[in-house]
Amino acid sequence: MTGKSLKRAAVVTFSLSALSLAVAQTRPDISVLPTPTAPDAALVKFAPETQILPSNQPQLVVAGAREPIVLEKVQVRGEVAGHAARTRIEMTFRNPNPQVLEGELQFPLYDGQSVAGFALDINGELREAVPVDKAKGRQVFEDTIRRRVDPALLEVTQGNNYKLRVYPLPANGTRRVVLEVVETLPVQGGQALYRLPLQFSGVLPELDFMLTVAGRTAAQVHGRDAAEGLRFGTSDGLLKAVLIPGKTVADREFIVALDEPAERRPVVAMQEFNRQTYFYAEVPVADGEALLPRPAPRRIGLVWDASASGERRDHAKELALLDQLFRRWGDTEVQLVLARDTAEPGGVFTVREGDWRALRQALERVVYDGATAASAFSAPSGTALNLLVGDGLVNYGAGVMAESRAPLFAVSAALSNNNAALRLAAEKSGGALLDLTRLPVEEAVSQIVNRRLQLAGWSGDGVAQVTALSRQPENGMLTLAGVLTGDTGRLQLQLTQADGRLRTVDVPLNRQAAGALAATRWASLQLAELQADPEGNRQAIRALGRRFNMVTPETSLIVLDQVQDYVNNEIEPPGPLLAEYRQLMANRIKGQQQERFAHLEAVAARFQEKVRWWEQEFSTKPKPLSKRKAEMAVGLAAPAMARMDAPMAERAQGGSADRRMRAEGNIAASPAAMAAPAEADELKSLRDNGDTSAVAGTIRLTPWQPDAPYTHTLRAAPAAEVYSLYLQARPQWRDSTAFYLDAADILFEKKQPQLALRVLSNLAEMNLENRAILRVLAYRLQQAGQPLLAIPVLQKVLALAPDEPQSWRDLGLAQAAAGQPQAAVDNLWQVVSRPWNGRFPDVEQIALDELNAIVATSPKRLNTGGIDPRLLRNLPVGLRVTLAWDADNTDIDLHVTDALGEEAYYGNPLTGQGGRMSADFTGGYGPEEFMLRKPAAGKYRVHTRYFGDRSQTVSNGTTLQVRLSTNFGTRQQKDEYLTVRLTQPSDQIEIGEITMGK
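Residues -24 to -1, 1 to 974 in mature numbering (1 follows the signal peptide of the UniProt record, and there is no 0) are what the sequence shown spells out, letter by letter.
None of these hints come from the bench; they were simulated from the model.
All C-beta atoms, glycine included, are put in the ideal place defined by N, C-alpha and C.
Among these hints, one or two may not hold up.
[Claimed, not checked] The following label-pair restraints were derived from C-beta to C-beta distances:
| id | residue 1 | residue 2 | range |
| --- | --- | --- | --- |
| 1 | N813 | R466 | 53 to 59 Å |
| 2 | G914 | D779 | 41 to 47 Å |
| 3 | Q708 | D779 | 33 to 39 Å |
| 4 | A562 | D119 | 18 to 24 Å |
| 5 | R207 | Q470 | 45 to 51 Å |
Could you build all of it, start to finish, from the sequences and the hints given here?
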């Protein structure tokens, strides 16, 4: 057994899976609460790893654990002022299993709720989280886990879904997690509704709840459902609503209803934050406002979200709204558009005297399948009014939502949503967002059929950076926030009334109107405004998150164990660790430029070794092993390191450029000389005739046949029946990435590419920010000849994981395949020029091969001015094979058996005829590369071996992408792709055969 085999023998894998949380805000001052021992515990509800949650029950998913994680105690402290609320939730989880696990707690919050901070217990004391760029936070969390110390990371996935990742959940131990949530309370039936941000499944052994309410009496506060039994008292002039600690049945909603005052007055609050004064205002504007009926439209557009996530909407409320609308309108024509990965015409329906049965039946028969593309939400033209029914969660394609020329009303009936985008699209057209999770159907109908007052704009004295929750009053109130630039100020609101007339409302502002939530609410409203266009506002969202310690699509909150962890990752820690951090950081800054210089020197040295291998002549006849070992000393020499001081050398040892390729046997290592810069005419000659005489080669891939039970049924069925059979099987396999990959493959085989692409796109819906799933989707799209669809998927992967060279490489190769060579070269240069984690040996050399091949074969001259000229040389080869995979901490090996019967792999990296295998990737993703400049005639067999993984999360399998190329780096290059899924260590998979001619 080899050393590598011994190393893998002890690998054990566990899993703990997915979670989501909610929107974001300022960091709270979190204090420690007592944690009494609970007599028993409620089981945390389980869900499959990739499920998008339909409710706001927290879910801690454990795959492979013997016993479920239990929730021992929940303590809640809330405060309400006007319609603004803040809630602090402390949860104690217990892991009854004998092994340490990584946990992901996930839940969405209600629309309007957002996370304002969190803390995690470290050595029994709560440590406050600090902001970090989202991609860096994920990188730091995963790197810290590898060192088996305590990190926690809170990040947003999409819409109002978040996840909190915690490591470790100690064996037979507990962890405490504290969340701070802020919100604007919705109003229904004359009552503001305070809802516990999280619902818990089963019986809580101990729920300790207290709510502080300003400006209301006990007679105006009512506990509903799980909140029945509230007791009241007063303290410091404030009402306290208390639920006596004890066992609680938590399957019901926990609601405290607060009666609205009979006479509503403006509510204004001020707060000092970071040397600025923020104001928050709730302004009544529409009390007694007359409604003017909107003329009944003769033709409307109905854009219906038919993507997979649409299945989780409240269709009963949506259909009830349409029923009331058509009863009001009587006669109209409806043009239906079904929106998924593409827009699909749904037909034209005529409604007579409110009878819309044909349209209703069509909507009830809608198949919810596929991803959600923004370009699919294009309202038809020539209509008087448009309705868009969906959740707004766009996750596929590069298009944008076209603006509606007619008033557009966006109807949202899903807890997981992107209401900010829906609101923007609606209000730009003169319509409105109608959130049926907060708004009664009758009120939503009224807003559509009647013209209403709208906020046209604002001005004022002594105010700046004003932002509004909505331009439509909610329950007769407009909510705004901004910055007060003096001691006093005046905000003037310009309103357009239902009859078209203008009026103004003055709101006086005074610094004395203190309130604890003003800065938080301004940041929340500003974030909602920016999230309507998350790509265009990426930098502004990131800056806002850092400034206010917010969880946003661009920033996360993180807790680390030791001050050195903060130093190593250059993340400013919370206050108690700050002084020590700054002292240590002063020492760290020295030498970073030297490290980058040393990296490029080492890359150049390794590249020259490859050049010497490429220039060397090898025999096509078998050679004794002893002679091949001598040649390996030249062809695979160790990299030469530049001279540096001792501390710098120690740091460089952790980088990727100075690692040796591993091979069985003792191969002598010789230092490599540095190359002279490549001249422009040399590169041109390589482009024109750099030993590029084409060799004849044919590639025969071995079709991969998965053995899941559904595949036999689908493959045996006639082409016309495959999709319906897939839909029948889907409920049982809904959360399996393999199911969608296999079904899509069979649909491609059956010559149904559009349906195949729809099924494949479901991977974008499954786990909103799982880069492994997104990589698989992109690989399979490229295999299907759709690199343009793969590019936005890989751009998202890059945003999630810019610290992984594979993110840059995958995107660059997709751009090259899509005819974007300059963008491809720029991204591949990032792979070459950056120092990477030691888990990625020689990834720079593989990217260099691809970069130079693109430059050499591009039909137009590319800009290579920023590239080290020593590295610009194309090395065309007759045969090249690359292997990449989707899983981190996973070891897959590439094997190629040549025409002479010799096998190239990590233990035999140089074959007798000159076949060269790249460094062995044991830490995840790949790539691994085999190159042979002048292949002998005959058959070359390509196969892989799966050694296993070292992750503490259970994987459902690892997906490989293999690319086989003949005449690589020439204009005669031909490529074939194959995507394969491995499920068990030691799997040997036959990829294919390449027959090379003379």
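Output the numbers, in ascending order, of every earlier hint that fails for this structure. none
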